[in-house]
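J.: Below are the chains, spelled out letter by letter.
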Amino acid sequence: MNFGFTPQQEMIRNEAAAFLSQECPMPLVRELMVTQHGHSESLWDKMASMGWMGLIFPEQYDGVGLSFVELSILMEQMGAVLMPGPYFSTVVLAGLTLLESASDSQKERWLTPLASGNLKATLALTEPDGRWTVSRPRVTAERDGKDYLISGTKLFVPDAQIADLIICVAAARGSGKDWMLVAVDRDTEGLTITPLKTMDQTRRLYEVSFERVRIGRDRVLEGSHSALERVLDRATIALSAQMIGGAQRVLEMCVEFSKTRIQFGRPIGSFQAIQHRCADMLLLVESARSAVYAAACNAAENKGETGLLASIAKAYTNDAYSWIAGEGIQIHGGMGFTFEHDAHLYFKRAKADEFTFGDSNFHLDRVADYIGL
Amino acid sequence: MNLDYTPEEEAFRNQVRSWVSANLSPDWEQISLRQAENMDESMAFLKKWQRKLYDAGWAGISWPKDYGGRGATINEQLIFTEEMAKTKAPNLMNVSIGIELVGPAIIHHGTEAQKQRYLRKILSAEEIWCQGFSEPGAGSDLASLQTRATLENDHFVVTGQKVWTSWAEYSDFCILLARTDPDVPKHKGISCVLVDMKSPGITIRPTVQITGEAEFSEVFFDGVRVPKENLVGIINQGWTVAMTILMHERGTSAIGYQIRFRNELDDLIRLAKSHDHDGRPISEDPEFRRKLAQSFIDVEVLKYNIYRSATQIMRSGKPGPESSIVKLFWSEMDRRQKALGMEMLGLYSQLVNGSEWAVDHGKWPRAFLWSRAGTIYAGSSEIQRNIIAERVLGMPRA
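The listed protein sequences derive, respectively, from chains A and B.
Numbering that gives the first Met the number 0 numbers the first residue of the first sequence as 0 and each following residue consecutively.
Numbering that gives the first Met the number 0 numbers the first residue of the second sequence as 0 and each following residue consecutively.
Keep in mind that a hint or two might mislead.
Stated by the list, open to error - Straight-line C-alpha distance at most 20 angstroms; calculated SDA-like pairs for lysine to any residue:
| # | chain 1 | residue 1 | chain 2 | residue 2 |
| --- | --- | --- | --- | --- |
| 1 | B | K272 | B | D359 |
| 2 | B | K187 | B | D221 |
| 3 | B | K46 | B | E168 |
| 4 | B | K317 | A | F4 |
| 5 | B | K272 | A | I370 |
| 6 | A | K302 | B | A397 |
| 7 | B | K187 | B | W238 |
| 8 | B | K317 | B | Q76 |
| 9 | B | K272 | B | E168 |
| 10 | B | K85 | A | I370 |
| 11 | A | K258 | B | L2 |
| 12 | B | K362 | B | I30 |
| 13 | B | K272 | A | R365 |
| 14 | B | K120 | B | G67 |
| 15 | B | K120 | B | R50 |
| 16 | A | K302 | A | P57 |
| 17 | A | K45 | A | E14 |
| 18 | A | K258 | B | R390 |
| 19 | A | K258 | B | V391 |
| 20 | B | K272 | A | P266 |
| 21 | A | K302 | B | Q76 |
| 22 | A | K302 | B | L2 |
| 23 | A | K302 | B | N1 |
| 24 | B | K87 | B | S20 |
| 25 | B | K120 | B | G211 |
| 26 | B | K317 | A | E14 |
| 27 | B | K64 | B | V391 |
| 28 | A | K258 | B | G393 |
| 29 | B | K317 | A | R365 |
| 30 | A | K258 | B | M313 |
| 31 | A | K302 | B | K362 |
| 32 | A | K258 | B | K272 |
Keep in mind that the hints were calculated from the coordinates and are not lab data.
Same shape as in the complex, but just chain A:
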């Protein structure tokens, strides 16, 4: 047992941190917050040339073949800088879905370009009921000759407007299955994508409406409940990894500020009221990191009970990040409440993340089931 980064993982982390601080600094994040897609094509290309889109995919699809731990390391660094754009949607949501559920020829068609950065994609899972379970989607896929017609509304779909490909979970009418996965090109007729105005401007969410969107059989992915569960568990872990990155950065901001901000003739970091809060922040972020990397190791090695570890990581990290990001505003005082200061960007991201892939109660209920209650 060696629960620390290997030298190679250490290198990946340092490279990612250096790259992102150079290529995705806060001024860029703020610039992208007010653009239509919240996405920088030049940043995307640079990441592609680093091999990041293909990081975890097999070499036969132009991937790099590294493990889920390395992906989590990247995620943590991306979360630290609040990186905008469709990396998570493309690589984690769509990429893993294709890896798990697509046929060989479908993988060549979509996963290969995705892994080299030439295809952006997303997963349309959630609907207006805001639930994370996939049992009964309201969006339907109806057989029409050799084709399917997709109808209904997906909500909270990330990055739909920039994605070339949208993988949609739809109820399968008359096919004997509860639901099916269909891969739809963004510009297909009958597809309407409407941006949602959200509190966290570093991400883009959309309403995606299907009105009798016609797709061929070759766009239906094999898909199974367990395959989709595997994707969602991994997405939950990957998001949690982003969250610890953000939480860590907030703590660093607070510690730095508390060393230089003078009140009552002393740096405020010398007051125990501030020290103890920062100590508790470290306790939470380190503990969350332990939970996230334990889950990432489990996912990387395809051990059983990844769902349990994902739920542990997400429930713990939800509470940790939301609290830390809130304290981040409090410790910075009046400046922390201004738009100019970055504290609110983390605060908003933390809150949005908290409800994405299951809030704490959702995961506590899953844990309760796992432990036989």
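Since the structure of chain A is already known, use the hints to place chain B on it.
T.: This is chain B only, laid out in the frame that chain A set:
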């Protein structure tokens, strides 16, 4: 990064497991419940148990082989303590202040003569040790301690008072911090000496704890003569020795705790299924289900924190200030877990050992009370937060 043990480590686990199951007498659980009324019985059991461990080569497995230890790797220590905890073997922390704290201090800072004289008898439980650190006026501010050790020819003469000294009545020796130079800044005038508890001038007065036990005592030193060669390390540099001891107390000795807490959580889950709350099984109450799940998460996160800390110790060779994170985490989560147990039992939570209606012989209220000790001893939670802020985060000194 991986969480797997090597085949050698798994073999080691099996070896520990089969030895413990063959050698642990099942009486311990009952004896520990009676500890408040019968300390002698507990101590006798613990001494016998440690002797058994020693004879089989399991006492002080982290110690170097030269001093009678096993030179075990940190992973082996982890496996050993996990297996001990799984079988609910006694937590040796009580009786083995010698093994956990005194041994490492002597190994790191002691003379060869001290190593030869003391180490083996610590392992075999022939000599029991206590720790003379806290005083009435020196708790969190340990360095302000006032007990004096004055060098007169070839002896120190010790005068002062120590408090919260666990198992003092049963101890043969005390590892003591005393002021040897009152004229320098407080951290720079402290020395560490080894005191024979049978020396003239020592008075022990047991202190009854909130659990009813008198596991610790006040110890008074009145002109106690301690041979000069009992100094550990360099004179006036006892603070360094104290830090070695406290790092071990907070760091490595917590490995294996996750299994103890997991055992207790498993007991809580069993309780949730067998007991009703408000007219239905606790396990069917959505709120209790979530609280138990939260407690499960606490235990799992503690486990992974300990694993990470073990890897860190393995890489750096010794526990660092990060061990404060583990100490703060387990002691605070212990309080949450035991408070949940009380909440689940409702009115029954007040019934202690001896009541016919008591659940599990009153172990829950006892554990609930004990959970108030962990956030105080070995540096209170407030002190741990100070250490984390100043030494891990580098914040300015208060």
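J.: Each of the hints needs a verdict: does it hold here or not?
T.: Okay, the hints, checked on the actual structure:
1. Simply put, B/K272 and B/D359 have alpha-carbon atoms about 14 angstroms apart, close enough for the 20 angstroms limit, and the pair holds.
2. In summary, the hint linking B/K187 to B/D221 is not supported, as the alpha carbons are separated by about 23 angstroms, beyond the 20 angstroms threshold.
3. Between B/K46 and B/E168, the direct Cα distance comes to roughly 14 angstroms. Compliance with the 20 angstroms bound is thereby established for this hinted pair.
4. Between B/K317 and A/F4 the CA atoms are separated by roughly 18 angstroms; this keeps the pair inside 20 angstroms, and the hint holds.
5. Under the criterion of a C-alpha separation no larger than 20 angstroms, the hint pairing B/K272 with A/I370 is consistent with the structure, at around 12 angstroms.
6. Among the hinted pairs, A/K302 with B/A397 is inconsistent with the structure: their alpha-carbon atoms are about 47 angstroms apart, more than 20 angstroms.
7. Taking the CA atoms of B/K187 and B/W238, the gap is about 7 angstroms. The hint holds against a cut of 20 angstroms.
8. Pair hint B/K317 plus B/Q76 holds up; C-alpha atoms about 13 angstroms apart against a cutoff of 20 angstroms.
9. With a C-alpha separation of about 42 angstroms, the suggested pairing of B/K272 with B/E168 is violated against the 20 angstroms cut-off.
10. A distance of roughly 18 angstroms separates the Cα atoms of B/K85 and A/I370; the hinted pair therefore holds under the 20 angstroms criterion.
11. For the hint pairing A/K258 with B/L2, the CA-to-CA distance comes to about 37 angstroms; that exceeds 20 angstroms, so the pair is violated.
12. Distance check on the hinted pair: B/K362 and B/I30 sit about 12 angstroms apart at the alpha-carbon level, within 20 angstroms; holds.
13. Restraint check for B/K272 and A/R365: satisfied, since their Cα atoms lie roughly 18 angstroms apart, inside the 20 angstroms limit.
14. With a C-alpha separation of about 10 angstroms, the suggested pairing of B/K120 with B/G67 holds against the 20 angstroms cut-off.
15. Of the pairs offered as hints, the one joining B/K120 and B/R50 holds, with about 10 angstroms between alpha carbons and a cut-off of 20 angstroms not exceeded.
16. A distance of roughly 19 angstroms separates the Cα atoms of A/K302 and A/P57; the hinted pair therefore holds under the 20 angstroms criterion.
17. This hinted pair checks out: A/K45 and A/E14 have alpha carbons roughly 13 angstroms apart, not beyond 20 angstroms.
18. For the proposed pair A/K258 and B/R390, the alpha carbon gap of about 14 angstroms is at most 20 angstroms, so the pair holds.
19. At most 20 angstroms may separate the alpha-carbon atoms for a hinted pair to count; A/K258 and B/V391 meet this at roughly 14 angstroms.
20. Straight-line distance between C-alpha atoms of B/K272 and A/P266 comes to about 53 angstroms, which puts the hinted pair past the 20 angstroms bound.
21. For the suggested pair A/K302 and B/Q76, the alpha carbons sit about 25 angstroms apart, so the restraint of at most 20 angstroms is broken.
22. Only pairs whose Cα atoms come within 20 angstroms are accepted, and A/K302 paired with B/L2 is accepted, the gap being roughly 11 angstroms.
23. Taking the CA atoms of A/K302 and B/N1, the gap is about 12 angstroms. The hint holds against a cut of 20 angstroms.
24. For the proposed pair B/K87 and B/S20, the alpha carbon gap of about 10 angstroms is at most 20 angstroms, so the pair holds.
25. Only pairs whose Cα atoms come within 20 angstroms are accepted, and B/K120 paired with B/G211 is rejected, the gap being roughly 31 angstroms.
26. Under the criterion of a C-alpha separation no larger than 20 angstroms, the hint pairing B/K317 with A/E14 is inconsistent with the structure, at around 29 angstroms.
27. Distance check on the hinted pair: B/K64 and B/V391 sit about 33 angstroms apart at the alpha-carbon level, beyond 20 angstroms; violated.
28. With a CA separation close to 9 angstroms, the supplied pair A/K258 and B/G393 stays within the 20 angstroms bound.
29. Distance check on the hinted pair: B/K317 and A/R365 sit about 38 angstroms apart at the alpha-carbon level, beyond 20 angstroms; violated.
30. Pair hint A/K258 plus B/M313 does not hold up; C-alpha atoms about 32 angstroms apart against a cutoff of 20 angstroms.
31. The hinted pair formed by A/K302 and B/K362 fails the criterion: a straight-line CA distance of about 36 angstroms is larger than 20 angstroms.
32. At most 20 angstroms may separate the alpha-carbon atoms for a hinted pair to count; A/K258 and B/K272 exceed this at roughly 51 angstroms.
In terms of the numbered hints stated before, the structure departs from hints 2, 6, 9, 11, 20, 21, 25, 26, 27, 29, 30, 31 and 32, listed from lowest to highest.
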